[in-house]
Every structure is written in C-alpha cells, then in structure tokens.
Amino acid sequence: MLSLIFATEEELGYDSTIARRVDPRTGNLCFVYNVDKSYYKTERAIFDHRSLCMTGRATRVWAVVEVRSFDELDPVEGSTMALKDVWLDSKSITEDKIIEHIFDKLKRVAADLKNGNEEPKGFKNMDDKSKQQLRECLEKGDWTQYFLTIVTHSRGTTSKEMAQGASPDNALFRSRSYVIKAPSFPNADFSRSFTPHPANLVQVPCAHQSAFRHYSSKRQYRVVFKEVCQPLHDVNNLKDVATALLDCVFALQLLFLAGWVHRDVSSGNVYYFKDGGKERGILADLEYAKLFQPDEKGNSDPKTGTAFFMPVEIHTQLMIYKVPRVGQAVQPDPFHNFEHDMESLFWLFLWIVLVRFPGQRKCEEQRDFACAMDAIFLYSNVCTSVRSGLITSAGCLRKLLTRWLAQDLQPIAEPLVALCDALYHGYMSRELNFGDMSSYAGLYECLRRPLEHCLQLPEKEILSKLLPCNGNIDTLSVSRPRQVVKNRRPRTDLDDDEYVPSQRSGSTTASSSRKRMKMDSD
Numbered sequence: 001m002l003s004l005i006f007a008t009e010e011e012l013g014y015d016s017t018i019a020r021r022v023d024p025r026t027g028n029l030c031f032v033y034n035v036d037k038s039y040y041k042t043e044r045a046i047f048d049h050r051s052l053c054m055t056g057r058a059t060r061v062w063a064v065v066e067v068r069s070f071d072e073l074d075p076v077e078g079s080t081m082a083l084k085d086v087w088l089d090s091k092s093i094t095e096d097k098i099i100e101h102i103f104d105k106l107k108r109v110a111a112d113l114k115n116g117n118e119e120p121k122g123f124k125n126m127d128d129k130s131k132q133q134l135r136e137c138l139e140k141g142d143w144t145q146y147f148l149t150i151v152t153h154s155r156g157t158t159s160k161e162m163a164q165g166a167s168p169d170n171a172l173f174r175s176r177s178y179v180i181k182a183p184s185f186p187n188a189d190f191s192r193s194f195t196p197h198p199a200n201l202v203q204v205p206c207a208h209q210s211a212f213r214h215y216s217s218k219r220q221y222r223v224v225f226k227e228v229c230q231p232l233h234d235v236n237n238l239k240d241v242a243t244a245l246l247d248c249v250f251a252l253q254l255l256f257l258a259g260w261v262h263r264d265v266s267s268g269n270v271y272y273f274k275d276g277g278k279e280r281g282i283l284a285d286l287e288y289a290k291l292f293q294p295d296e297k298g299n300s301d302p303k304t305g306t307a308f309f310m311p312v313e314i315h316t317q318l319m320i321y322k323v324p325r326v327g328q329a330v331q332p333d334p335f336h337n338f339e340h341d342m343e344s345l346f347w348l349f350l351w352i353v354l355v356r357f358p359g360q361r362k363c364e365e366q367r368d369f370a371c372a373m374d375a376i377f378l379y380s381n382v383c384t385s386v387r388s389g390l391i392t393s394a395g396c397l398r399k400l401l402t403r404w405l406a407q408d409l410q411p412i413a414e415p416l417v418a419l420c421d422a423l424y425h426g427y428m429s430r431e432l433n434f435g436d437m438s439s440y441a442g443l444y445e446c447l448r449r450p451l452e453h454c455l456q457l458p459e460k461e462i463l464s465k466l467l468p469c470n471g472n473i474d475t476l477s478v479s480r481p482r483q484v485v486k487n488r489r490p491r492t493d494l495d496d497d498e499y500v501p502s503q504r505s506g507s508t509t510a511s512s513s514r515k516r517m518k519m520d521s522d
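For the sequence shown, full-length UniProt numbering begins at 1 and goes up steadily by one.
Errors might be hidden in some of the hints.
[What the hints assert, rightly or not] In the BS3-like style, the derived pairs of lysine-lysine whose C-alpha atoms are separated by at most 27 Å in a straight line are: (1) K399 x K124; (2) K121 x K399; (3) K362 x K290.
[As the list claims (entries may be wrong)] Derived Cβ-Cβ restraints for the label pairs, each shown as a range: (4) S167 x G141: 14 to 24 Å; (5) G116 x L29: 20 to 30 Å; (6) N28 x G156: 20 to 30 Å; (7) D368 x K290: 10 to 20 Å; (8) K290 x E11: 31 to 41 Å; (9) R403 x L12: 30 to 40 Å; (10) T17 x Q328: 36 to 46 Å.
Bear in mind the hints are in silico, worked out from the structure with no lab data behind them.
Built from N, CA and C at the ideal position, the CB exists for glycine as well.
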C-alpha cells in the first residue's frame with residue numbers, strides 16, 4: 001500500500017509524453033505523441049500489438065501528422081508520416097544508430113571507390129550488372145532511398161530489472177497435459193480413448209520444471225519515418241510485389257557491402273512505396289540487423305523472425321553442410337549470414353506466388369493444397385522435413401511447382417528452381433568458411449532472376465488480384481505471417497507482438513479446410 005501511496009506518476013504507469021484528445025476535425029479520439037521536441041497526432045493505426053503479451057515489444061505503428069502541442073491539434077504543413085512506438089531490450093542498439101552505422105560504412109566504401117582504392121571484397125564473384133548498379137548508387141549517394149527516412153526519434157523510460165534471486169514458480173500458470181489412464185480391466189484395450197469423449201482420457205495437471213529465463217529490462221523507443229508504405233502482404237499486384245522485392249535485393253546488397261545482416265526479411269519488413277509516379281521497394285525494420293562477424297561464436301540469444309520465411313538452418317538450428325566425422329571434428333551451430341537473408345526472400349516470394357496467387361483448383365484439390373502449404377509455411381518453431389527438403393533435396397521444389405504453381409506463373413518456375421539450387425550449393429561449397437565474401441556475392445544474381453521473369457509476364461488482370469491476407473476464396477484463406485521467437489530453449493511462440501486468438505481465423509490448416517468443406521457440403 002505504501003508503495004502505491006508514494007509512487008510517482010511514472011511508477012504508476014502514467015506516460016507524460018502521450019495524451020488522449022478529441023480531434024476537432026473529425027470528432028474522434030486520437031493520441032498525441034511527444035517525440036523529441038515535436039508533437040504528432042495519430043490519424044489511424046497501421047499496426048497494433050498483441051496486448052495480451054507482457055514480455056514482447058508492444059509495437060504500435062501509427063499514421064500521424066505533426067501538430068504544435070498536445071492541445072493545438074491543427075496540422076502543421078507537411079505530409080502524413082509513420083510513427084513507431086516500441087519497447088526494445090534496454091541494451092540493444094536502436095534503429096537510428098543501426099542505420100547510422102550502415103550509412104557510415106557505405107560512405108567509406110563510396111570514398112574508397114572514388115579514390116581508386118581496391119574494390120570492396122564483396123565485388124569478387126559478383127555479376128557485372130550488380131557491380132555497375134552499386135557503383136552508380138555509391139557515386140551518387142542514393143542508398144538512402146532503399147531504407148526508411150528517419151525524421152526524429154526519442155528514447156523513453158526504462159523498465160525495472162528482474163529482481164535478484166527471482167525464480168520461476170512452476171505451479172503458476174501451469175499447463176495441463178492429457179495422459180492415457182490404464183483400463184480398469186486387465187484385458188481391456190485403449191480403443192475408447194479415441195472416441196470424441198474418451199472415458200480413459202484424464203486431464204492431469206502436469207507440474208513440469210520450466211527452464212529459467214532471464215527477462216531483460218525494456219526501454220521505450222519512438223521513431224518517426226517520412227514514408228508511409230504498404231507492407232508486402234497488403235500489396236495486391238504481383239508486378240508491384242516483384243518491383244519491391246527487386247529493390248529489396250539491392251538493399252540486401254548494400255547491407256552486404258556494409259557488412260551487416262538483416263536477420264528478419266519478411267512480408268511485414270519489405271515495403272512498397274509509391275511517391276507520385278515513382279514506385280520503389282524499401283527494406284525496413286532494422287532493429288535486429290547485426291554486424292556480420294564470422295569469427296564470433298554464435299550465442300543462444302533469442303532470434304526473432306517470421307517462421308514462414310525463416311531460413312532452414314536458423315529454423316532447425318542445424319547446418320545444411322555436415323562436417324566430416326574425422327578425429328575431433330565438431331558440427332558448429334549455425335549463425336545468421338548473408339545467404340540466410342537471401343533465403344528468407346526466396347521463401348517470401350514462394351509464399352506469394354503459391355499461397356496469395358489465385359490458382360484455379362478444383363474443390364477436391366483445395367484440401368490437398370492446404371495440407372501442402374501448411375507443411376511449408378509454418379507458425380511453429382519446428383521445421384518440417386517437407387520444408388527443409390525443398391532446399392536440400394533435388395527435385396522437390398520442381399515437383400511442388402509443377403503441381404501447385406498457377407499456369408500463368410509457370411515461366412518463373414525454372415528461375416525459382418535455379419535459385420533454390422544455387423542456395424543449396426552455396427551452403428555446401430562454403431563449408432565453414434563463413435567469412436568468404438565471394439561465396440555470397442554471386443547468389444544475388446540468382447535471387448534477381450525469378451523477379452525479373454515475373455516483371456516480364458504478359459499483362460493480365462489476374463496479376464493484380466493477389467489474395468488479401470485473412471481474406472477468403474472458396475475454401476482457402478490466406479493467413480498473415482506473424483513473428484515468432486526462435487531460440488534453443490523450449491518455450492511457446494507467444495513473445496511476438498500480434499494478438500493470437502485461441503482459434504485462428506485465417507489459417508490454411510488442413511483441419512480448418514476440412515471443416516469449411518464439410519459445412520459447404522452440408
């Protein structure tokens with residue numbers, strides 16, 4: 001009681017840098033944020049966090065306009081911007097610092113090229129087209145257009161550290177496990193256990209020993225971006241998607257020259273931006289970008305990413321290349337490298353052309369298609385053999401595309417297979433030489449080819465009718481990918497920012513497809 005009586009407003013949870021007001025122009029409630037020395041009024045929510053998660057980043061993104069103060073809500077001259085409000089680990093590098101480090105390195109690379117110094121190591125084995133485009137970009141200093149433009153930012157309060165000596169209570173929030181109770185009669189079998197309400201299936205509280213987890217303190221961070229973009233899962237034109245992804249490939253090449261890996265390429269982090277008549281893609285959300293240090297030992301910190309697009313090595317925590325069993329040789333743990341970012345983009349494009357493209361399938365094929373997609377594009381931290389086999393097993397991807405890729409998109413099938421083969425050979429030929437930059441440089445050309453073939457497809461109305469996420473067509477619905485935390489300790493997938501209802505409303509699971517099909521037949 002005393003702690004509440006003598007607590008400050010901040011300790012009670014009151015944030016003095018945000019106020020709720022009634023917008024005089026619309027009569028609706030809005031929020032006004034104080035970021036650095038500026039004020040921004042919210043117009044609409046772009047992304048809202050999953051409020052039931054206590055340990056996540058609580059990310060909110062708003063479309064905002066600048067105003068003069070908490071009470072002067074008339075917009076200052078200027079266009080709509082995007083404001084991101086997020087809680088990061090207190091010791092993590094903020095996005096503005098990451099972008100600053102990347103741009104500083106690109107400036108040094110540009111200066112070296114201008115002064116006629118030795119070419120960057122990343123140019124070795126790179127195709128001539130990429131070299132030329134990168135040279136022109138570095139000479140003009142145009143690399144900023146491939147990333148979001150930061151207008152202003154601020155660092156807020158920091159939450160308290162976890163108390164010393166704190167330990168998990170295994171009896172609190174424990175889950176229940178179902179176990180099979182032995183039959184009452186010696187000669188009885190377990191067949192009744194498989195009825196809808198099995199008599200021998202008993203719900204028993206299972207007090208398991210939870211792995212200790214250290215909860216890092218969080219620090220509030222707000223950043224305002226100049227551009228208000230469309231995430232790729234909201235873009236409905238396939239050629240616009242290909243345009244954005246091609247620019248994303250170029251952004252990854254810039255990160256490659258700067259020596260940074262993104263670590264979370266997904267449909268929510270690749271944006272399509274239309275400024276007047278100019279269209280371009282933007283690679284965003286660099287919160288998890290990291291300086292590539294091949295000599296650094298991998299750590300067991302959580303790796304946040306989107307399971308749909310997570311590289312197989314990161315998903316399985318196993319390298320594709322296997323160290324020969326000779327002497328004291330030890331198989332190392334994988335850590336994120338440049339090829340992993342490329343593989344994520346491969347999965348992203350594959351998801352768009354298979355799941356979001358409205359293929360012409362018979363009713364009886366819908367369930368098989370849903371089952372096939374569910375084995376590849378996962379919400380779980382567990383990677384299926386079907387998914388990993390698309391990368392590691394010869395012919396698997398070609399077989400999948402032959403059966404399920406829409407006829408209108410068949411011209412991009414072979415470039416996709418060639419990309420998949422190149423990724424596999426990249427992992428195998430590199431072996432443990434992760435610092436060999438030339439082993440990554442040639443892969444970007446393979447990454448571009450299916451996207452370039454996509455732009456060359458004949459103009460058809462169907463190309464502009466990608467299925468919206470969480471929308472339905474016949475018995476199949478498209479789920480929006482969500483982030484999960486990938487790490488080495490067993491835990492649930494509930495540390496992301498999106499609200500996950502108890503029953504998914506937009507999944508492509510076979511069970512949900514069967515239920516819908518049964519209802520249709522009834």
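Point to revise | Earlier hints that do not hold, by number | key: 1, 2, 3, 4, 5, 7, 9 and 10
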